[in-house]
Every structure is written in C-alpha cells, then in structure tokens.
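If you want the building blocks of each chain, they are given just below.
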Amino acid sequence: MVAGLISIALIVVIAFILRNVTHRLITRVVRRASSGTGNSLALRLRGRQTVEPEGLDAVAAERRRQRSETIGSVLRPVSSIVVLGTAALTVLDRLSVPIAPLLTSVGIVGVAVGFGAQELVKDFIAGMFMLLEDQYGVGDVIDVGAAVGAATTGTVEAVTLRITRVRDADGRVWYIRNGTITRVGNESQGWSRATVDVPVAYTADVPAVRKLLGEVTDEIWNDPEYRDVVIVEEPQVWGIEQISDTAIVFRISVKTIPSCQAQVARELRLRVKAALDRESITIAG
Amino acid sequence: MVAGLISIALIVVIAFILRNVTHRLITRVVRRASSGTGNSLALRLRGRQTVEPEGLDAVAAERRRQRSETIGSVLRPVSSIVVLGTAALTVLDRLSVPIAPLLTSVGIVGVAVGFGAQELVKDFIAGMFMLLEDQYGVGDVIDVGAAVGAATTGTVEAVTLRITRVRDADGRVWYIRNGTITRVGNESQGWSRATVDVPVAYTADVPAVRKLLGEVTDEIWNDPEYRDVVIVEEPQVWGIEQISDTAIVFRISVKTIPSCQAQVARELRLRVKAALDRESITIAG
Amino acid sequence: MVAGLISIALIVVIAFILRNVTHRLITRVVRRASSGTGNSLALRLRGRQTVEPEGLDAVAAERRRQRSETIGSVLRPVSSIVVLGTAALTVLDRLSVPIAPLLTSVGIVGVAVGFGAQELVKDFIAGMFMLLEDQYGVGDVIDVGAAVGAATTGTVEAVTLRITRVRDADGRVWYIRNGTITRVGNESQGWSRATVDVPVAYTADVPAVRKLLGEVTDEIWNDPEYRDVVIVEEPQVWGIEQISDTAIVFRISVKTIPSCQAQVARELRLRVKAALDRESITIAG
Amino acid sequence: MVAGLISIALIVVIAFILRNVTHRLITRVVRRASSGTGNSLALRLRGRQTVEPEGLDAVAAERRRQRSETIGSVLRPVSSIVVLGTAALTVLDRLSVPIAPLLTSVGIVGVAVGFGAQELVKDFIAGMFMLLEDQYGVGDVIDVGAAVGAATTGTVEAVTLRITRVRDADGRVWYIRNGTITRVGNESQGWSRATVDVPVAYTADVPAVRKLLGEVTDEIWNDPEYRDVVIVEEPQVWGIEQISDTAIVFRISVKTIPSCQAQVARELRLRVKAALDRESITIAG
Amino acid sequence: MVAGLISIALIVVIAFILRNVTHRLITRVVRRASSGTGNSLALRLRGRQTVEPEGLDAVAAERRRQRSETIGSVLRPVSSIVVLGTAALTVLDRLSVPIAPLLTSVGIVGVAVGFGAQELVKDFIAGMFMLLEDQYGVGDVIDVGAAVGAATTGTVEAVTLRITRVRDADGRVWYIRNGTITRVGNESQGWSRATVDVPVAYTADVPAVRKLLGEVTDEIWNDPEYRDVVIVEEPQVWGIEQISDTAIVFRISVKTIPSCQAQVARELRLRVKAALDRESITIAG
Amino acid sequence: MVAGLISIALIVVIAFILRNVTHRLITRVVRRASSGTGNSLALRLRGRQTVEPEGLDAVAAERRRQRSETIGSVLRPVSSIVVLGTAALTVLDRLSVPIAPLLTSVGIVGVAVGFGAQELVKDFIAGMFMLLEDQYGVGDVIDVGAAVGAATTGTVEAVTLRITRVRDADGRVWYIRNGTITRVGNESQGWSRATVDVPVAYTADVPAVRKLLGEVTDEIWNDPEYRDVVIVEEPQVWGIEQISDTAIVFRISVKTIPSCQAQVARELRLRVKAALDRESITIAG
Amino acid sequence: MVAGLISIALIVVIAFILRNVTHRLITRVVRRASSGTGNSLALRLRGRQTVEPEGLDAVAAERRRQRSETIGSVLRPVSSIVVLGTAALTVLDRLSVPIAPLLTSVGIVGVAVGFGAQELVKDFIAGMFMLLEDQYGVGDVIDVGAAVGAATTGTVEAVTLRITRVRDADGRVWYIRNGTITRVGNESQGWSRATVDVPVAYTADVPAVRKLLGEVTDEIWNDPEYRDVVIVEEPQVWGIEQISDTAIVFRISVKTIPSCQAQVARELRLRVKAALDRESITIAG
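Residue numbers (UniProt numbering), protein chains in the order written: chain A, 1 to 285; chain B, 1 to 285; chain C, 1 to 285; chain D, 1 to 285; chain E, 1 to 285; chain F, 1 to 285; chain G, 1 to 285.
Calculated directly from the structure, the hints in this document are not laboratory data.
Be careful, since some hints might not be right.
Simulated pairs of lysine to aspartate or glutamate, DMTMM-like, Cα-Cα distance not exceeding 25 Å [said to hold, decoys possible]: (1) C:Lys211 with D:Glu241; (2) E:Lys255 with E:Asp228; (3) D:Lys211 with D:Asp168; (4) A:Lys273 with B:Asp228.
Where chain G lies over chain A, by a calculated footprint (3+ residues, C-beta under 8 Å) [claimed, not checked]: (5) 60-72; (6) 166-177; (7) 194-206.
Where is the CB? At the ideal position from N, CA and C, for every residue including glycine.
Using the sequences provided together with the hints, build the complete structure.
Below, the structure is given as structure tokens:
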C-alpha cells in the first residue's frame, strides 16, 4: 500500500519534472534556432534598406520572437499531453483500474483519424521547419510553384504552422497548406536580376547595336536615381543570346535590390527603344 | 461486490463529467477561433461596402455563429461517442462480460472501412480548418485550382465540413470535396487589380503613347462614378511590359474593390481604344 | 451453467435489439437527410419547369424515395452482419469454442482483400454522400472532369452507390466509379449562361458595334419565344473582353434556363452575323 | 476425449455445410445479378439488330451464362479455401498441434506478397463488378481512356476477371488490366451521334448555307438506304457553332445506330461538299 | 518423449508430402494454363506464316515449354521455403527452442525490406500473368506505352518474370519492369491496318479523286506480290475523313499481315502520288 | 544449468555456421549470375570493337568481378547482422535477460525510419537487379527517361547499388537514384539505326528522287571508311514516309555500330544535300 | 536483490560502452566516406582552377570536414537516444516499474507523427547520401529538375541534411527539400559543352559554310584568351544537324571549363555572325 502510494507520488513528481524540462528544452532549442538565423535575417533585410527603411532591427527582433512563439505554442501543449497522459495511465494502472478499454477506443479513433490527419501533421512539420529555417517572412515576395494549374507568386501576408497566406499581383489571396509546398523561391533576399532581351533584325550591324546597348546601360548606371539606390552592380550587355526564328536577340543583365527587377526592366526597355529609334535600328518581333 | 459497484458508478460519473468538459472545451475553442478571425472578417467586408451595403455586421456575426455551429455539430457527437463508448466498455469489462469478440468485429469493420474512409476524414479535417481560418464564406469568389482538367473559379454558394459548393460563370454548380483543395485563392478580400495590356505597333512613338495612356487613366480616376466607388487607388501606367513578337506592349494597372476588376478593365479598354483612335495610333495584334 | 445460459440469452436479446435500433437509426437518418435536401430539390426543379413540366412533385418525391432506398439497402445488411457476427462470436466464446483460428483466417483474407478493396469502399462512401447531398440525379447534365484523357460531360442515366452512368453528346455511355469523381459540375441547376464572343476588325467603330450588339440583344429579349421561356434575365453586352492577336473581341452574356445555353448562343450568333452583315462591319477571325 | 471428438466432428460438419451454403449463395447472387441486367442487355442488343442480326437471344443468354460462370469460377474456390482452412486450423488446435509457427510463416509470406498483390486483387474486384454491371461485352466498341500516352479505343475481344482484351483500329491487340480502367465509355449501346462541322468563309450568305445544309440532311433522311437502317432520328442542322479564326462553322447532328457514326459522317461530308460546290459556296479551312 | 518424437516425425513427413504436392500442383496448373493458350498461339503465328515460315510448331512448343519453365523456376523454391520453413519452426517449437527472437529479427528485416520490395513482387506477379496469358513473346512487336517521356515501341528480345527487354527502331535496348506496364499493345497478332491519308486541295473534284483512289487500291490488291501475301483483305477507300484547315482529306484503309502496315503504307503513298500526278490533281499540305 | 550452457553453445555454433553458409551462398549466386550474363557482355562489346579496341576481355572480366563485388559488399554484412543479431537475442533470452524493452525501442526507431527509408531499399533492390541483369555498365550511353522535366541521355560514369552517375552531352553530371529509373534504354548494345528524313517539294519527281537517294546510300556503303567499320548493313531507302504539311518526306535507314548513328546521319545529310543540289531538286522545309 | 543490482549496473555499463562504440563507428564511417570521395573532389576542383584559384586544398579539406560534421551532428544524438532509452526502459523494467503505459502513449504519438514525419526522414536520408556521395557542394551550379512548374537551375548557397538552398539566375533563393530531388545534374564537374546552332538558308553553299565555320573555330581556339583558359579541347564543327522547316542547321561543339559554356557560346555567335556577314551568307530564321 505504502509502496503503491510512494510509486504514485514518484510518478507524479517525475511527470511534472519531465514536463518542465521538456518545455524549457523546447523554448531553448527554438530560441537558439531563431537567433542562429537572426544574422542572416539582418543581412537580408539590409539589402532593401533603401526601400523600406523603418526600424529594421525592431522588425527582425519582432519576427524572431514571433517565430519562436508560434512554434512553442504548438509544441508545448503537445509535450504536456504526452507526459501527463502517460503519468495518468501509469497511475490508473497502479490503482488497478483497467486501462485496456480506454486504450482500445482511443486506438480505434486514433487509427481512424490518423490516416486522414497525416496531411495535417505534414503541414505542421513543414511549417515548423520553414519557421526554424526562416525561409520567408511576412512581406517577402515568394514563388510557391504550381500545385495544380498555374504557379502562384505573391507577397506573404501571414505564416502559421499550417498555412501560408499569399496575395498575388491580381489581389487574389491564396491560402496554401505548408505541406504542399515542395519548393519555395524567395525573391526578397539579397538581390534580384532584371534580364532584358532586345530582338534586332538579321540585317542589323552587330557591333553597333552592342555599343549602343552599352551606352544605354552606362547611362542608367550613372543615373543617381538608380545607381546604388535600385541597381546594385554595373549592368552588363551579355551579347547574342540566341539566333531565333525571326531575330538576333541581345541580352542585358542588371542586378537590382530585391523585387525591383520588373521596374528596372521596364525603364531599360523604354531607354533601349528610344536609343534604337534614334539610331534607326529595326526591332524584330 | 461493493468495490465493483463503486468503481462502475465512478466510471459512469467520470464519463459524463468528461463528456461535458469536452463539449464545453469544443464550444469555447471554436468560439474563440471564430471571434479571433472576426476582426479580419469585418475588415474584409468593409472593402466591398459600396457594392453590398446591407447589414454587414449582422452578416459577419451570422457567419461567425454558423461557422462555430457547423464545426461543433460534428465534433460534439464524435467526442460523446468516444467518451461514452470507453465507459461502456469499461463497465462491461467490470461486469466480466467478454469484450474481445466485440472489439474484434468492430476492429475488422474498422480496418475495412478505415482505408476507404480516410479521404472522408481528410475532407472533414480540411473543412474544419477552412472554417476556423475563415478562408472563404458564402458569396466570395474563389479559385480552387484545377483538380483534373480546367481550373474552377466561381462564387461560393455553400460551405459544409465535407464539400464546398461553387457556381462558376457559366452557371455550372460544382461540388468540391474540401480535402481535394490544396490551395484556394479568394478574390473577394481587400482589393483586386485590373491589368490592361495595350499592344501598339513597333513604329509607334513611345513617349506619346505613354502620355496618352496617362491621360486615359487620369480621366477614369477623376470620374466620380469610379473614384473611391470602384477604383481604390490612382491607376498607374507601368511602361513597356514586353517587346513581343508583333508589338510593343504597354501595361496599365488599376486597384479596384474586390471582384470588379473585369468590369473596370473592360471600361478602360473602351476608353484606351477611343483615345488611340483619336490620335490615330495603330494597335498591333 | 445457468449463468452461462443467461448470459448467452442476454447476448442474443441485446444483439437483436441493437440490430433493430441500428436499422431504424439508418432509416431515420437517411430519410431526414433526403427530406432536408428535398426543398432545394424542389427549388431546383422549378428552374426548368418550362422545359419538362410533367409531374415535378412526383418526380422529386420518387427521387427522394429511391435515394433513401439505395443507401438503406447497403447500410442495413452491413449493420446486421456486424451486430449478429459479434453476437455469434461472443456466444461461441461463451460455449468455450476456440475462435482464434476463425479470426486468424478471416483476418488473413481480410488483409489480403482489404488493400485491393479500399477503392471499392471509397466508391461506396463517395456514392453515399453524393446521394445524401443530392449532387445530381438521373436526367441532369454533369461535367465529371477528366480522369485521364479528355473530360467527360453528359446526361446522367443511372446513379448507384458504386458507379454513375453518363451518356455523352456522341452517344457514348460512360461508367464512372463514384470514388474517382473528385469534383462534379452540375449544369442543370438554376440557370446557365451563354457567352458569345464577337470578334471585329481593329478598324471597326467601337461605339457603333456596341450599339448594334445592344439592339440584337434587345430584340432577342423581346422575342416572346425566348423571354422568360428560355432566357431568364435581360442579356448584357459586356464590352471589349480582349484586344486579341487579330481582333477586338466583344462579349455578350445571356442567362438561360439550365442546359439551353448552347441553343441560345447559336441563335445569337446567327442574329449578330446578320446584323453585322447589314451594317457591313467586318468580322475578324 | 469424447468431447474432443464430438467437437471435431461438429467442426467438420459445420464447415462442409457452410461451404455448400456459401457456394449456393454465390451462385444465386451472381445469377440474379446477371438476369437483372439481362433485360437491359436485350434492349441494348436490339439497337444494332440491323447490322448483326444473327441469333440475338442466344447471344444474350450465352453471354449471361458466361458471366456468372466466370465470376463463380473465382469466388467458389476462394470461399472453399477460407471455410475449410479455418476448419483445419480449428481441428489442429483441438488436437493440441501448435499452429502458431504455421500462422507465422503464412503471415510473413502473406504480408510480403500482400503489398505486391494488391493490384491483382484490385483487378479482380474491378473485373467482377464490370461483369456484374455488364458494362461491356465481347464485340462492343469501348473507349478505355488513356493510361499513359494516347487513349485506347477498340473492339472488345475478350473479358476475364483480370484483363480486358481490345483490338484497336490499327489491328493492335491491347491487354488492359481491369483495375487500371477508371472510366470506360461504351460506344455500342443504344445510339451514336455523328457530328459534322462545315466551315464556310466569312463572306458566305448564312441563311442560304443553312437552307442548303437542311436540304442535304433531308435528302439523306429520305434515302431508304439510311433512314431507320443506319440513321435513327431526323438529322438536325444546329446553326453557327463557332465563329472561328478562319471561318463560320455550321454543325450538323445525326443520330445513328451504335458504331456507325463515322460511316454516316463520311457520307454526309461527301454530300455537303457536292452541294456546296453546286452552289459555289467557298469552304474555309 | 515418445509423443514428442512421433509428432516431430509426423511434422517432417507431412512437410515433405505437402512440398511435393505443391510442386506437382504448380507444374500441372502452369502446364494446363500454357497448353490452354497454345491454340491461340498457333493461330496467331499462322498469321505471319508468309514472312517467317521456319518451323512454327517447334517454335510454339518451345515457347510453351519455356513459359512453364520460367514460372515454375520461381514458384517452386518459394513454396519449398514456405513449407519447410514452417516445418522447421514447428520442430524447433516442439524441442522447446525459443523461436520468438528468430521471428522478431526476421520480422524486423521483413518489414524493412517489405516496403522496398513491394515493387519487386509487383513485377513478378505482373510477369507471371503476362506469361500465363501469353500476352507477347520473343519476336513480337509491342507498344508498352509511355512510362515517363515518349512511348516505347519495339521488338521483344527477352521476357523474364521481372523484366521485358525490347529493342526499338533506333536500336536502343529497353529494359522494362513488368510491373510498370499497365497496358500493352501487341502489333503481331492476326492483322494490322495501314491507314493512308491523302490531302487534296479544296478545289479538287471529289468524285474524280475517289474514283482514282479506288483504281490505285484495285491495282495493289491485284498485284500478286501483295494480294494474300502481305495484304489480307481488299483495301477500302473510306471517303472524306476530315475537312481540315488546309485540305479535303481522303482515307484509304488496308488490312495487312502483322507488322507490315508501314511497308504497305509507303508503297500506297508512292502509287497514289504517281496517280495524282498523272491526273494533275494538286496535293494540299 | 548445463542444458542452458549447451543450448547457448549450440546457438552460437549454429549461428556461425549459418552465417558462413549464407556468405558462400551469396558469393556463389552472385558469381553465377555474373558469369551467366558474361557471354552476352562479350557479345555486346564485340559490337564496338572498331571504336574502342583496347583489351575487351580484360574489361569484361573486370566488369564482372566488380559487379559481384558490389553486390556482395552489401548483402554480406546485412546477412551477418541478421544471423548474429538473432543469435544474440536468443542467448540473451536464454540468460533470462529481458529483451522486450530492447525490441520495443528498436521497433519504434525501425518504424519511424522504415517509412522514410523505403525509397532507399527500393534503390538498392533496383540497383542489385540492374547489376545482376547487366543492364548497362560504365561507358554505355543510356537513356534513363524523364523523371520530371526533360529526359536524360548520357554516358554512364559510375554505377553503385544506390545511384547511377551519367554525364550528358552538355557535360552535366547527373546523379540518378536507381529506384527512380522505371525504364532504361541502352544505346550501346549491338547496333544503332540512323534515320534521315529528306523533305522535297510536292512538285518533285518521286522516282527520280528515289533513284538519287539510292545512289547516295550506295556510295556511302561502298566507302571503305564506313562499310563494316561504322555501317553494319546496307542502307535502305524506305520510300515516302509522310505526306506532310509542306513536303513529301523520304526516309533513309542505316544500321551502324552502337552510338555512331548521329555521326553517320550528319554525313548522309551532307551527301544528300550535295546530290540534290547537283540535280537541282528543291528541298522543302 | 544483489542479482538485480548487478544486472542494472551491467545494463548501464553496456549501454554507455555501446553508445561510445556507436559514436566512434559513426565518426569513422563518415570520415572514411568523406576522404574516399576527397580525391574526386580535388580532381573536380582542379577543373576550374583558372577561374577560382584561391586555396583549393583548403576549400576541399574544409568541405570534407563540414560534411562529416553535418552528418555526425545528426546521427550521434539519434544513436544516443536509442541506446540510452533502451537502457532506461530495461532498468525501469528491472525495478518492476510498469512500462506498458509509457510505451502505449509514446506509440500512439509515434504513429500519429510517424506518417506525417516520413517525408522528413526521407529528406534526412536523401541529404545524408548526397553528402556522403558528395554530389554537390556550396558554389556548384546544379539543375534540380522541376518539382512542379518550371525547372530550377542555380548556384548552391547552402546544403543541410534537410534542405539545399539554391540561388537561380534571377536572384530568387530556392529552398528545396532534399527528398524531393529525384535527380540532380551538377554543371560544375570536369567540363561543360557549348553547342551553337547556325541556321543558314537552303540556298547556301554547304561546303563553303562548313569551311567558314571551321575558320571561326580555329580562330577562337588559337585566341590565347580562350585556349586552355576557358576552352579545354579543340572546337568541332559537327556538320548538318538538322534539315529544319526553314533552314539547314550547322552545329558547332566546344568543350569549356565548367559553367562557362554560355559565355563561350555568346562569343562564338558574335564571331560566326561577323564571319557570315563578311561572306554575305544569309542566316535563316
């Protein structure tokens, strides 16, 4: 009897100790993981300083805090349930209460739900690693690939353990289950590249076109509105990319700050068109 | 004997207490989740105030109530069955009734049905999270992607835990199992963007076209029928989007209230065509 | 001995009571589900009153009765087998007959067949929910999407719990397993929309074309053969839908009674062509 | 001892009774299913009376007999193995022979083979239902969809529980596992529809073309070689089906007896071409 | 002790008897299956007598022998292992040797390998049925469909239970796992059909072209090098198959001996081209 | 006690004997399989004697040795672990050490890893059979089909049980898991066929073109640089392969030694072009 | 009692010994695997000496160290948990603490998570083998194929056991789960090949074009800026690759150091275009 009571007390004590230890472990592991990627986050945000210069450090810190909070808020109750549930079963067993029927019905429901819920678990695990690896955060422009039909690219509006909410260019809000994202492309890290293809007719004078394109890129590089503000490296004329069906295609490559490639490409096209018109060089369709 | 009766009584009492606790837990969790997203719902509905201005708050509250009702009506009986079934088994066991044959036949049927039913469970779990996260509601225009064949876009007519009923533009009513929707795009939240591409001939005078398009967008922005009623931000001419096979393509972007992008785009095309005709600028196919 | 006999008698009695209770439960649940959707059925059938006006109420009632009959005829024997099988096993166990070998061989066959049969169970579950939700019935035109190859659209000829029989426009009879239908589009509910695209040359006078199309739609709306008989709402000219490769495309939208959109669209095309010819406006391919 | 012998005798007797009962049940269920669909078979075969008029009733009866034979020849030995195997195990157990090792090795082989064989079981189950539902028989032209690559359409040469043998138009003999057919289209039931699209130039006189096509369809309908022999309903000119890239497309629809749509369509094309040539109306490609 | 020895002896004897019975059963079943399809094989080979007339009966007999040999060589050792393994376990159990650890480690390895090996088992089962049903043999031209990428058609060089070796027209040798072939088309059974499409210009005189094509097919049918040697039925001119974008397409159909359709089609094209040139009828691309 | 020691000794002895027997069995089976396919290897290598004539027999022997080495190096440790692990468990059991906890934790890890590792096992099994069947070796040009995206064709650089390393024509080195190769095409066995299509204008004189192509193929066949060195059979002109949209297409077929088809095709195209130019026959695009 | 203590002590001692042995084994196996592929790594890096000549040996050694570190850091804690967990369970068992409830709840959670986590395990296993086989490292340009949508090619930025981080040409950073990469192409090993296709008009003089292209390739091969710096083998003119729809296509092949093929191809196109212009040979689109 006494031995029984002692063992029950022991079980309860050990359970609570274990639960606390697990909670601390989770908190510490998550926090370390977050700060571990904190540098790269800072690094990354610096890249777009010029466009969104409001309180970067606060943003990074807040984001890190939120991430560990989100993960912890799911892992902690799960670990509590496991540890305390085990303790309860052991105590019931010690008290000679039959636990087989309980296990049976829980087991049947567990198997019935388990198969259906495996996608849910997959989503949560995927979401946890996404957060831990800081693959993307609110405000990033990401490409989540195509699930079925067309690919989805847009700005992240929210990230939870289960879903990522993305708003695409047409204003459509996508709810994407994390487990269905096999590959994610983040367009807001470090730099982006604008690639402008200029098709000219077969009869065009190749060296002349090349020189002209070089002048256009020099001009935009020396434009104080673009240099070091939007464009981060001297633009390059890559030469003849393709001898296509209908034209000789030249390619210009420009490294910009993240997510500004479309804007720079449009500006470049305008300037190239103007320059070609000035020199009466025919664009070929 | 007495110990047996006491233990049976205890089991029954604990079972009913547990059942009630579970029901309340479910009610509270669901209600909290619903009100948690209630704000964003209000926020969202405000976006289309101008088009459907009848009793928004009532709609939002009703929707919230329905959501928690729908989820609760499935979770509550399930929890009752689990708790009371376990209690019944335990009592039978206490009364020395052999429960192995019962478990066996239930188990065989369970496994036989389990595999086939896993899609059903998947549908219910998907539906529950959709409702909790309030991804869409009756009246929203959603894009559920392509299952097989063409994609489906339409207006939500009904949402249950298992299926979503959507009516597409041709009047076809689609019954879509929630578990087969891996990614859903809601076109009725916040804003939509109309994108109008204007192809002009290679010989067109680029700055002149740009100026003309700017005038057209100014005009529609200053039209009291559109400004702040349908169009929510000043329209922008994005410049040369593409030097295509046959034309120089200009792009105009207009932010509208949700689901009005098609209407605005058509109006813009009419006005752009008229303006180009006035200035005798050739559209290129 | 006496205790044994009593327990056996008890088992048998409880089994038969349980079986009857289950049968009644099934009957009631199915019937309630059927009448629950009965309203919407009535509502739905009203939509096509004009085309098939023979005894709608009788049709709806018959359909409801058949549905509950079909579902019940599968669920009832299954529940009987489970309940009585369990009772038989318990009695055998009470009589000290070893039931392990029996369970073993049934289990081996069960597992062997189980994997292969899971698609069968899936079909039945899908069919049951289809019937309960009254997604479609005999005579409806449905689009079951593409399984592999081209999509299948046709008229439902028969619905069983396992398969749906559909006859497509070419007279081909399709047997489709219910479990393979992830998404079904019913074209016979409420209304259909005919969308007619009219491509005119770039040089066409846009306002004149628009006015002309308006006249054509007015004319068909005022035609007593169509108004309120086939067409259920005033037709609309939606304006320039697209500035395509070769033409300016106008779109006309007409809401019709279910499944008559093709017929209306053909009539409209005839009238539009005649009108354009009268005004000597060039159609562009 | 005596009790043991009695119980063994009892087991053996029950086993053989059970086996016989099962065999009869199988025979009766299969026969009833066959005759249940027998009518529709007769109905169906009547549709092609004119083309293959040799002994329809004999064919139908033979087909029904073969179907129940095929299904019974698989189900009967399986049920015998299950019932007698269980009896053998029970007797061994009664004789105190240890059956655990036997079950173990059978179980290991069973699991090892089970996963691989599940497609086999799937094929057999699919085949059984196909036969019971009489989806198609030898001589029918069926479309089994595309597994991988191009779709397969051809004449059924043989149906077994595992595979269907189909010969396509090029003389290729396809062996198709029944379980891989998710959707089958039978072109030999009731009627087929020939759809002939006639593209005419934009400049064509629409009412004149329509009248001319009407004359052509009248002529073929009044041709004693076709009316009620091959064509089963008066042909219809459906009007302008499409205003395509290059032409105005008229559609003619003709209901024919099963599998004769291609022949009728070719004849119609010949007659339409001749008629258009007579009236000097230009066909547009 | 004596009882133990007797039971062990009994086990060993029964095991060996069982093994022999199983081997004979396998041999008989396989042989019967082989001879059962032997007729159809003979029938089939007769179809190409004219092209490969060397010792058909020997070939058929050899093929039948090889088939039963191949299947038996896999099934026999498997059955031996099962029967003798069970006997060994039973003897060990009788000798009070603990077999639980043995079963455990075999079980762990079994499960570990089982999942990975299920494709292997699938291949063997598929191969066994292919051989039993004699779907194809060495020398046949088969179309195994596309696994990923382009479809594979070629001549069978070898068939084992696991793979089929096929050499395609480019000399590439394909190793195809039998389990990945969901559908196989055999081009070497009975007959093949050559289909030659002849596109003529819209302005062509349809009856004249038809008569001309009839003369060409008559000519080839009366050519002693083709009639009954390569062509097995009188060729047919099917009429206007299609009114395509650019031409009126006539179709000619010729039934040939297996695998000679390409050769006949080429000859026909040559003769048709010559005839059209003679009559100055324009081919339309 | 003594009995216990004896049984332990017996277990250890049997275990080591079993392990040795298994190792020898593996070695013998693998070696026999290797030499069994050795002939065909020799045969195969002979085919390209002319291009890589360095020490074929040594290569073949080395390859055979490596193959059996690779397979043995994986199978031997696995069999040791199984046999000795079982023996260890049995000894522990004999010593009354509880092995249940050990089995439990190994089991949990096993299941956890098992699902994830099944692809690994699949790769190894696929690799083993590939090696045993000698499907390809280092230096062969193989086509492994498309996994996702474009197909991969290249030269094998290394084959292990898990992956195959292939270098494609662009110098890209592909690491392909053996289990993902469902179908492999080996282009280095026996012969390859070069197929050259020659499109000529509709107006071309068919017999003249045919004669000219015959002269070109005769010429290359009589060229001592090609005959029996690169080309292994007299080239054939197959006649009109297609009456395409824009041309009459003639096809020439040449059998070459493995992997030289591209080189021969290029040479043929050069010669055909020259011949057509000489005769002023127009090539049609 | 003493026996119990001794056995517990024994268990603890054996557990720690086992754990250490396992750790050392892991370290040694991983290190050996790393150094085994070290040579090929050195070999590989030598290939691009000319472009990135900074401290190759240090890079290779560092990479090798990192690889073994990464793998060890995951395998070591896992093995510790297994060994010590087993020991803990055994000790608990010895102390008569009931471990069934513990196993039960761990088992339920294990199964629940197991299904969802199998992709995680797959990722880790794939990552481990990738690292062991040194398929790619930081700085390599790899082609990971298409998961869904377009293929991804880019420069590796980081490799962990779970994911590979790749930055593509547009600056997008891709996070790719290792388990989803079925086939990876490394473009940074040994050499790359630039293939330049030159389309010339049908009327071009083939031998003249060939000679001209030969001169261009000679020139670039003799250019000290390219020979042995970027180009590693004499370029080859491969002759007529294709007689396409619109042109005769010549192909030039150049072997370059890894990842420089695009740059060389562009230079070649420039020089070829200039040479053709000099000789007035028409390029055909």
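Now the hints, each set against the structure:
At most 25 Å may separate the alpha-carbon atoms for a hinted pair to count; C:Lys211 and D:Glu241 meet this at roughly 24 Å. For the proposed pair E:Lys255 and E:Asp228, the alpha carbon gap of about 10 Å is at most 25 Å, so the pair holds. A distance of roughly 39 Å separates the Cα atoms of D:Lys211 and D:Asp168; the hinted pair therefore is violated under the 25 Å criterion. Annotation: proposed proximity of A:Lys273 to B:Asp228 is violated, straight-line Cα distance about 36 Å (limit 25 Å).
Against chain G, the stretch 60-72 of chain A contributes 0 residues with a C-beta closer than 8 Å to a partner C-beta. That does not satisfy the three-residue criterion, and the hint is violated. Check result for the stretch 166-177 of chain A against chain G: violated, 0 residues qualifying (beta carbon to beta carbon below 8 Å, three or more required). Requiring three or more residues with a Cβ within less than 8 Å of a Cβ of chain G, the coverage given for the stretch 194-206 of chain A holds, as 3 such residues are present.
Figure legend: structure checked against the earlier numbered hints; hints not met, in rising order: 3, 4, 5, 6.
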